[in-house]
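Kindly generate the complete structure, drawing on both the sequences and the hints.
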Amino acid sequence: NAGVTQTPKFQVLKTGQSMTLQCAQDMNHNSMYWYRQDPGMGLRLIYYSASEGTTDKGEVPNGYNVSRLNKREFSLRLESAAPSQTSVYFCASCTEPSGANVLTFGAGSRLTVL
Amino acid sequence: AQTVTQSQPEMSVQEAETVTLSCTYDTSESNYYLFWYKQPPSRQMILVIRQEAYKQQNATENRFSVNFQKAAKSFSLKISDSQLGDTAMYFCAFMGGNAGKSTFGDGTTLTVKP
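Chains as they are written, first to last, in the numbering used here: chain S, 255 to 368; chain G, 667 to 780.
Honestly, the hints are just simulated from the structure, not real lab data.
Hints are supplied without guarantee of correctness; some may be wrong.
Below are the DSS-like pairs computed for lysine-lysine, each with C-alpha atoms no more than 30 Å apart in a straight line [as the list claims (entries may be wrong)]: (1) G:Lys736 <-> S:Lys311; (2) G:Lys767 <-> S:Lys311; (3) S:Lys325 <-> G:Lys736; (4) G:Lys721 <-> G:Lys767; (5) G:Lys739 <-> G:Lys721; (6) G:Lys744 <-> G:Lys721; (7) G:Lys767 <-> G:Lys739; (8) G:Lys736 <-> G:Lys767; (9) S:Lys311 <-> S:Lys325; (10) S:Lys263 <-> G:Lys739; (11) G:Lys739 <-> S:Lys311.
Listed below in structure tokens is the structure:
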């Protein structure tokens, strides 16, 4: 049982390049999330998808776009990467968009923008 | 908007001793949930314990327990009989009824010494 799978695990980009972080879950969860974690800080919500076909902005959405491709997959795209986007990115999912449900996290993707 | 504050950036404890990690939060919501997550060097986010705000009884999970003081908006984590494997960063997190409103503290790095 894979849970939440993120790819790639590591990526180095140059300023201005674009890339997409992929996330897939096999738990039949309705809700999916993208967070970023900067050194010495907690996780900050970038975007979330309460259910298939919907997406909403979180706390720090600027510079990112998302796509809920289907129930399993939720991708995060950086159109023009900036050094300020150097971070570790986590995808998470849960059954329904309520704090009553526990988030299951992926292993994280470390992105460095030079 | 809600805030979560962890006032102890780093803590250490001797193996087999007890340690308490502090967390305070601020919110105007009445329906919410509080969590402690553990992040070991592997970077994986692991749920430690969860508390529903409407429950007065403090949550416990084996060696982990919380002291939930709703009026004071305090949610501390007590780790009893500390083990070397407890060494990790611990995050306090708030989630409202809509899990899109998730807020994490900046974390406390706990080191368990032999």
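Hint-by-hint comparison with the structure:
1. For the hint linking Lys736 of chain G to Lys311 of chain S, the alpha-carbon distance of about 29 Å falls within 30 Å, and the restraint holds.
2. With a C-alpha separation of about 10 Å, the suggested pair Lys767 of chain G and Lys311 of chain S falls inside the 30 Å cut-off, and the hint holds.
3. Among the hinted pairs, Lys325 of chain S with Lys736 of chain G is inconsistent with the structure: their alpha-carbon atoms are about 36 Å apart, more than 30 Å.
4. A hinted pair counts as satisfied when its Cα atoms are at most 30 Å apart, and Lys721 of chain G with Lys767 of chain G qualifies at roughly 20 Å.
5. At roughly 14 Å between alpha-carbon atoms, Lys739 of chain G and Lys721 of chain G fall within 30 Å of each other, so this suggested pair holds.
6. Straight-line distance between C-alpha atoms of Lys744 of chain G and Lys721 of chain G comes to about 18 Å, which keeps the hinted pair within the 30 Å bound.
7. For the suggested pair Lys767 of chain G and Lys739 of chain G, the alpha carbons sit about 17 Å apart, so the restraint of at most 30 Å is met.
8. About 19 Å separates the Cα atoms of Lys736 of chain G and Lys767 of chain G, which keeps this hinted pair within 30 Å; it holds.
9. Restraint check for Lys311 of chain S and Lys325 of chain S: the C-alpha separation of about 18 Å stays at or below 30 Å, so the hint holds.
10. Restraint check for Lys263 of chain S and Lys739 of chain G: the C-alpha separation of about 37 Å exceeds 30 Å, so the hint is violated.
11. A threshold of 30 Å between alpha carbons decides the hint, and for Lys739 of chain G with Lys311 of chain S the separation of about 27 Å falls inside it, so the pair holds.
This entry does not satisfy hints 3, 10, going by the numbered hints stated previously.
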